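Participant: Protein chains in written order, with my numbering: chain A, 951 to 1194; chain B, 951 to 1194; chain C, 951 to 1194; chain D, 951 to 1194.
A hint or two may mislead.
Taking CB as the label site, the calculated pair distances span [unchecked claim]:
#	chain 1	residue 1	chain 2	residue 2	range
1	D	N1091	C	E1103	41 to 49 Å
2	C	E998	D	A1157	34 to 42 Å
3	D	T1002	B	T1066	45 to 53 Å
4	A	P976	B	R1115	42 to 50 Å
5	B	E1092	C	G1009	38 to 46 Å
6	A	H1164	B	Q1036	35 to 43 Å
7	A	E1019	D	G1009	49 to 57 Å
8	B	E1092	D	G1009	46 to 54 Å
9	A	F1044	C	R996	37 to 45 Å
10	C	R996	A	Q977	22 to 30 Å
11	D	T1002	C	D1084	46 to 54 Å
12	C	P1116	D	N1091	50 to 58 Å
13	A	P976	C	D1084	37 to 45 Å
It should be emphasised that the hints constitute simulated quantities derived from the structure, not laboratory data.
Treat the numbers as computed from the prediction; the structure is a model and nothing was measured.
Beta carbons are placed, not taken as given, at the ideal position from N, Cα and C, and that holds for glycine.
There are 4 protein chains.
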Amino acid sequence: MPAPARLSAAASTPAPVRHRRKGARPQELLDAALDLFVEKGFAATRSEEVATRAGVSKGTLYLYYPSKEDLLKEVVRQNVVNLIVQGVDLIRHFDGSTSELLARVLRLWWQRMGETRASGILKLMMSEARNFPDIAQFYVNEVIHPSHAMLAELVQRGIDRGEFRPVIVTDVVHALVTPLLFLVMNKHSLGACSVGSTLDPKAVIEAQIDLVLHGLHTETCRAAQSAATPDATDLPLPKPSRAP
Amino acid sequence: MPAPARLSAAASTPAPVRHRRKGARPQELLDAALDLFVEKGFAATRSEEVATRAGVSKGTLYLYYPSKEDLLKEVVRQNVVNLIVQGVDLIRHFDGSTSELLARVLRLWWQRMGETRASGILKLMMSEARNFPDIAQFYVNEVIHPSHAMLAELVQRGIDRGEFRPVIVTDVVHALVTPLLFLVMNKHSLGACSVGSTLDPKAVIEAQIDLVLHGLHTETCRAAQSAATPDATDLPLPKPSRAP
Amino acid sequence: MPAPARLSAAASTPAPVRHRRKGARPQELLDAALDLFVEKGFAATRSEEVATRAGVSKGTLYLYYPSKEDLLKEVVRQNVVNLIVQGVDLIRHFDGSTSELLARVLRLWWQRMGETRASGILKLMMSEARNFPDIAQFYVNEVIHPSHAMLAELVQRGIDRGEFRPVIVTDVVHALVTPLLFLVMNKHSLGACSVGSTLDPKAVIEAQIDLVLHGLHTETCRAAQSAATPDATDLPLPKPSRAP
Amino acid sequence: MPAPARLSAAASTPAPVRHRRKGARPQELLDAALDLFVEKGFAATRSEEVATRAGVSKGTLYLYYPSKEDLLKEVVRQNVVNLIVQGVDLIRHFDGSTSELLARVLRLWWQRMGETRASGILKLMMSEARNFPDIAQFYVNEVIHPSHAMLAELVQRGIDRGEFRPVIVTDVVHALVTPLLFLVMNKHSLGACSVGSTLDPKAVIEAQIDLVLHGLHTETCRAAQSAATPDATDLPLPKPSRAP
DNA sequence: TATGAATGAGGATTCATTCAT
DNA sequence: GATGAATGAATCCTCATTCAT
Chain A
951 MPAPARLSAA
961 ASTPAPVRHR
971 RKGARPQELL
981 DAALDLFVEK
991 GFAATRSEEV
1001 ATRAGVSKGT
1011 LYLYYPSKED
1021 LLKEVVRQNV
1031 VNLIVQGVDL
1041 IRHFDGSTSE
1051 LLARVLRLWW
1061 QRMGETRASG
1071 ILKLMMSEAR
1081 NFPDIAQFYV
1091 NEVIHPSHAM
1101 LAELVQRGID
1111 RGEFRPVIVT
1121 DVVHALVTPL
1131 LFLVMNKHSL
1141 GACSVGSTLD
1151 PKAVIEAQID
1161 LVLHGLHTET
1171 CRAAQSAATP
1181 DATDLPLPKP
1191 SRAP
Chain B
951 MPAPARLSAA
961 ASTPAPVRHR
971 RKGARPQELL
981 DAALDLFVEK
991 GFAATRSEEV
1001 ATRAGVSKGT
1011 LYLYYPSKED
1021 LLKEVVRQNV
1031 VNLIVQGVDL
1041 IRHFDGSTSE
1051 LLARVLRLWW
1061 QRMGETRASG
1071 ILKLMMSEAR
1081 NFPDIAQFYV
1091 NEVIHPSHAM
1101 LAELVQRGID
1111 RGEFRPVIVT
1121 DVVHALVTPL
1131 LFLVMNKHSL
1141 GACSVGSTLD
1151 PKAVIEAQID
1161 LVLHGLHTET
1171 CRAAQSAATP
1181 DATDLPLPKP
1191 SRAP
Chain C
951 MPAPARLSAA
961 ASTPAPVRHR
971 RKGARPQELL
981 DAALDLFVEK
991 GFAATRSEEV
1001 ATRAGVSKGT
1011 LYLYYPSKED
1021 LLKEVVRQNV
1031 VNLIVQGVDL
1041 IRHFDGSTSE
1051 LLARVLRLWW
1061 QRMGETRASG
1071 ILKLMMSEAR
1081 NFPDIAQFYV
1091 NEVIHPSHAM
1101 LAELVQRGID
1111 RGEFRPVIVT
1121 DVVHALVTPL
1131 LFLVMNKHSL
1141 GACSVGSTLD
1151 PKAVIEAQID
1161 LVLHGLHTET
1171 CRAAQSAATP
1181 DATDLPLPKP
1191 SRAP
Chain D
951 MPAPARLSAA
961 ASTPAPVRHR
971 RKGARPQELL
981 DAALDLFVEK
991 GFAATRSEEV
1001 ATRAGVSKGT
1011 LYLYYPSKED
1021 LLKEVVRQNV
1031 VNLIVQGVDL
1041 IRHFDGSTSE
1051 LLARVLRLWW
1061 QRMGETRASG
1071 ILKLMMSEAR
1081 NFPDIAQFYV
1091 NEVIHPSHAM
1101 LAELVQRGID
1111 RGEFRPVIVT
1121 DVVHALVTPL
1131 LFLVMNKHSL
1141 GACSVGSTLD
1151 PKAVIEAQID
1161 LVLHGLHTET
1171 CRAAQSAATP
1181 DATDLPLPKP
1191 SRAP
């Protein structure tokens, strides 16, 4: 055997300080994972990097999450699934008009997803879905379906209350979701590479709200539409210019 | 660089049984690579798969392309960069109105990019840009900048000739590009997972043409706009319904 | 070494609720280790499992045994080495005929080793000896040599007292040991996989006793042989059928 | 990054010579694997060691066998399963008396299994069965069951032809197999550690043959038994001393 | 040219052991 | 004494790339 004599001589390993912070670990790991997954992609992120960024060692990561995939799933759960739950809650307990509700949901989405790190997860899923069927399936089950169901419920509410025309619900849901996803892709793929002026996401959201409400409202409800303009304290946006 | 010698194809060789179409090899490899990269992502595509699908052995792949990254670059060059060159060519040699030119360019884009396999490359780049900075850089240099420059040139032409209002060119370029990318992402990411009605890409393109031209034209040019309606032989689309 | 201080158990401590039987810890750990090592093998048993089964935490295990190997050694000491010591003791203090002594030793072996969990240790050592040379060496020193020495002493006693023929001692020892090991292997390896009738270990032991005594006795001692038949209260076996 | 300048300077990696010997590789790998698995156990053998001993690199191993477990399975197939097939063949085409056949089969077993490296596989399976349920299952299906079936067929042949008494076949099979396995365990576990005289395997085999035939034969067939004495050209053993 | 056998760096995961509390 | 969070060495396996033929 080569006899690695040089090693045992010094205190070269400077006693890796061991903090005990069980409570905080999971969150720190999820934060680090979110950052890195979004920044480098799932496959390209080594599990050790996540651990290091969270200030722990490789092994500690596996103490809390049994695999890299499970870690991603937990990141998704925390950052996306929870939001959907909140959305469903909002819809079920909301008292006002469905127009107002729809506007609120979309603005909330932007506040909590679009302009936070969480949006990176959406981009991540779109990017890596093909490579990790397992995760894609999980995502469809836990995110796509529930969020579509939530929006469908919302639209149906409008129809049931006579506020919206009897449209095809799934089509409307699709139309609602699509631009949001585009914003996300734009932010995370082209915003990083592209140059020139970026489009204003909030404006896109507002335009989308405006557009959809126009398309959905029954004649009699047109008047109530103004209620859906952004709340001044909430999102102080310039009133979106509507076509005369 | 591939540089496939077309010369050896002729001559006297009576029955090159083993190697059909030597000259075609590079193209077959690029085709296979395009398919697989789009289908499974760049990282998840093993170079041997590409070779196998192209009907050659692993070694042969490396005979033509020194690395997987170079292969991707070549795929991009062939499927995207070339289109831009064609676009630039079209712009520089076009005689008609800029409105017509713009319409033609966008429709061409759809024909050659949007509805072909090449669109997968765009999705691929958006997805994997973060994981492969090298490739992302290449893409920005070879695709993003040139295509933006091309469109800027086009818009500038309209301004210079008094057809368009003196708008901020980069903003317009951005507004032109965004929906196209959206179509692509929608096709390759959401079409697979999402449910419900899909939107009609050609209609989106036409609406976009219509919209942009409306916004760009100087008063005096409004009349000429009709010239930009789709050419019957070129794209036999139903006349897009414009709001009255 | 464990050295469990029995002292702290008494004194005034009114209600040591948390830690039942401090003094018992080492034994509980050894029991758990024996079970698991036999059940799953040495390498496949995680030290945490041992601790958990013993009702303590991982750290506590290392409080008593500095390593997994040391734990195994202690298990062997307690379950095998002690038996040998008892055997030696029996031999040195026995008054009766060597035939009787031999019979008693073999039957004792079966009662204390063969039909208890301890037999699993033998199988374990045979299985893993090659993988853990350290342990193998320990086993040879602490078990193989002493037990062979013990049996050699026994046989020599017979020779010295004129009861046995002047045989080659080591050969006889070997002949004595072999079937016992065979029983153990059969119990722990083949009983699990094999089908069909299992052999009766007690019968094998008795046959072995009978056979060896036949082979060892001097002519003059043949008569005394009947003394070696199993004690009715001890092992109520049918008298083994001897060939006519 | 630490900039490992010293590395790129020299030709420190002396161009690892690459031999192309596809045909021979699998056998070389199986040989190396057999040696190492037997020597160190399955779990304790690193796949790279196998490759190194076969004179190739880690990757090459996986070129031929998709996993370490598959490698072991193949080792078993080649060294054990094949022997069983040969045995079945022998039984089905044998013309002589069943006594002779039985003797031949057992002696063949010793020649091809017991005294070759293949015996190590048997020991290996007995040792590691518990740790690798997958492999244990494979072994039961591919080895235990077929070999028992083979011996059962043999015994049945004897009964059908009136050579053997109408015994319980499975019991006899068990009695046949057991000592052989013991020899194997003895060779690979105790032969390595133990001291003193080792038992003579061939003698054990012959004794076993003798014993079983005695037990099986019908009265009328006793005479034919001498036919089962070892063939001089085959196994030049001293005629086993039978009790007068 | 073409092949495909061979290479080996790289990364996920496990688990014996340590140590702050 | 106990605890269990933290560590990191060790090992399987993948796949881009090389190169002898």
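Participant: Run the structure past the numbered hints and jot down the numbers of the failing ones, going up.
Facilitator: Hints 2, 4, 5, 7, 8, 9 and 11 are the ones this structure does not satisfy, whereas the remaining hints hold.
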